[in-house]
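Undergrad: These protein sequences, in sequence, are chains X and Y.
In terms of this note's numbering, the first sequence opens at residue 1 and continues consecutively.
In terms of this note's numbering, the second sequence opens at residue 1 and continues consecutively.
Just to be clear, a hint being listed does not mean it is correct.
Computed far set for chain Y versus chain X, every beta-carbon distance over 12 Å [unchecked claim]:
#1 28
#2 40
#3 50
#4 87
Simulated crosslink set (SDA-like; lysine to any residue; CA at most 25 Å straight-line) [said to hold, decoys possible]:
#5 Y:150 with X:193
#6 Y:122 with X:195
#7 Y:122 with X:196
#8 Y:150 with Y:37
#9 Y:219 with X:40
#10 X:112 with X:15
#11 Y:122 with Y:135
#12 Y:150 with X:196
#13 Y:150 with X:188
#14 Y:122 with X:197
#15 Y:122 with X:198
In short, the hints are calculated from the structure, not lab data.
Idealized CB from N, CA, C, for every residue including glycine.
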Amino acid sequence: MTFQVSMIAIILGSLLGAVLGIMKTLDSRALRLGIDAYMHFFRGTPYLVQLYLIYFVLPSLGIAWLQFDSYTAAIVSLTLYTASYVTAIVASAIDAVPRGQEEAARACGMTKAQRLYHIIVPQALRLTVPPMASVYVIVIKSTAVLSVIGLSELTRQGETSILRMPQDTMFIYALIAGLYFVYCYPVLRFARWAERRVGSSAAAQENA
Amino acid sequence: MNWLNGIYNFRIVSDYFETFLNGIFNTVWITLVCLGLSVFFGIFLALMRMSSISVMWRTAAAYIQFVRATPLLIQIYLVYYGLPGLIGNFFDETQTGIIALTLHTTPYMAEIIRAGIVSVPKTQTEGAQAVGMNSAQAMYHIILPQAIAKLISPLLGQAVVLLKDTSLLSIIAVFELMGAGLIMFSETVSATESYVTTAICYLLIYLMMLVASGFIQRKLGGTATYAT
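The following block holds chain X by itself, in its conformation from the complex (with noise of 0.2 Å):
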């Protein structure tokens, strides 16, 4: 269940982060106050907060579909918790590309579109590969906290199994600690391994 959360949060998260990051460069003002808006509201508050924004708060809305079962929930939080890292991700790694390419495109008389598409994307993806890892860990750990919320993942496993075998305490928090230990450790490797090649300290300055 961590995995498959987890793993749907990242697809989600960073196909929404990159139209977002790239929506952010683009010229339209508004658009841009937003987004930030936006990123703002979701890194200046603790993920435990959101959940429970999400989990609890919408369905008191009274909108039919806002009306979400945990699973639901999980997924829709973590989605936008992962996309408005991916933004900022995206965004300064477009940002980071030399002005020139963009004018020369324009000089070769590429629309907008296809400056976007042909010569700044893929400049830009190399960029944004390491922070990313980074970023898919803490998505990663973060599902513990689903936890909270009744869903059935890793942490609420253990702390089942901890009701049914009250004197392991120890031995089960450490083997759950154990598990997204395996599952983030090469995560953060390959982190590690991406800095190295792209070799800029643009990428090492977007995670913290």
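Here the structure of chain X is known, so what remains is to put chain Y in place on it, guided by the hints.
TA: What follows is chain Y alone, placed relative to chain X:
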């Protein structure tokens, strides 16, 4: 205003004004204490990580990797249930929470500090040695002062992460901002007012930190690369 009261009732919220004020106060001081402790221990961990003695840097690296690859919630549980077994019920919830959060944040601080130290050119160390300083003196007088200027920006980013992380302490019954929201919810059963208010409070603290960090960075003349 009636339609708004249907969604978000200000009168209920005002009853809990003091609860939230206390929650904010606790969140802020817990964050500050953890920040101070983790920077303090982070310096030692960073130096350990860079030590040439194999046992030292391997221990430090293992600890850093463990903390980075496991969820904070699990770490809090491990400390909360593990600590009493090790030393008895010596600490209350808040102190246990501070210990867990410091253990969690220290490796991140250590990595930030290490990056800062590494970024100081090697010639600086060599210069210090040339004027007869030993390595501790060189670190204290020459390297750290230069590293600190570069550290401010990522450090503030980590401080924001820390602020958000304190919310998880509510799960081991530490009364902070999230705890205030939970108390209000358990007494009024109005999810919207409780959790929206909590979110607004966090946002306000976050925005204040954002403004403050922008100010500090302008003062220091550093680059404004702000990322959380």
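Undergrad: Please go over all the hints and tell whether each is borne out by the structure.
TA: A quick look at each hint next to the structure:
1. 28: Its Cβ never comes within 12 Å of chain X, the nearest being 14 Å, so this holds.
2. 40: At about 19 Å from chain X, residue 40 (chain Y) clears the 12 Å cut-off, so the statement holds.
3. 50: Non-interface label stands for residue 50 (chain Y): nearest chain X Cβ at 16 Å, farther than 12 Å.
4. 87: Residue 87 (chain Y) is indeed farther than 12 Å from all Cβ atoms of chain X, at 14 Å.
5. Y:150 with X:193: holds (24 Å)
6. Y:122 with X:195: Measuring from Cα to Cα gives roughly 22 Å; hence the hint holds.
7. Y:122 with X:196: holds (20 Å)
8. Y:150 with Y:37: holds (20 Å)
9. Y:219 with X:40: holds (23 Å)
10. X:112 with X:15: holds (20 Å)
11. Y:122 with Y:135: Given pair residue 122 (chain Y), residue 135 (chain Y) holds - Cα atoms ~12 Å apart, limit 25 Å.
12. Y:150 with X:196: Since the Cα atoms of residue 150 (chain Y) and residue 196 (chain X) sit roughly 21 Å apart, the hinted pair holds (cutoff 25 Å).
13. Y:150 with X:188: Status holds; Cα separation ~24 Å.
14. Y:122 with X:197: holds (23 Å)
15. Y:122 with X:198: Judged against 25 Å, a Cα distance of about 23 Å means the pair holds.
Consistency with the previously given hints is maintained throughout, with no hint failing.
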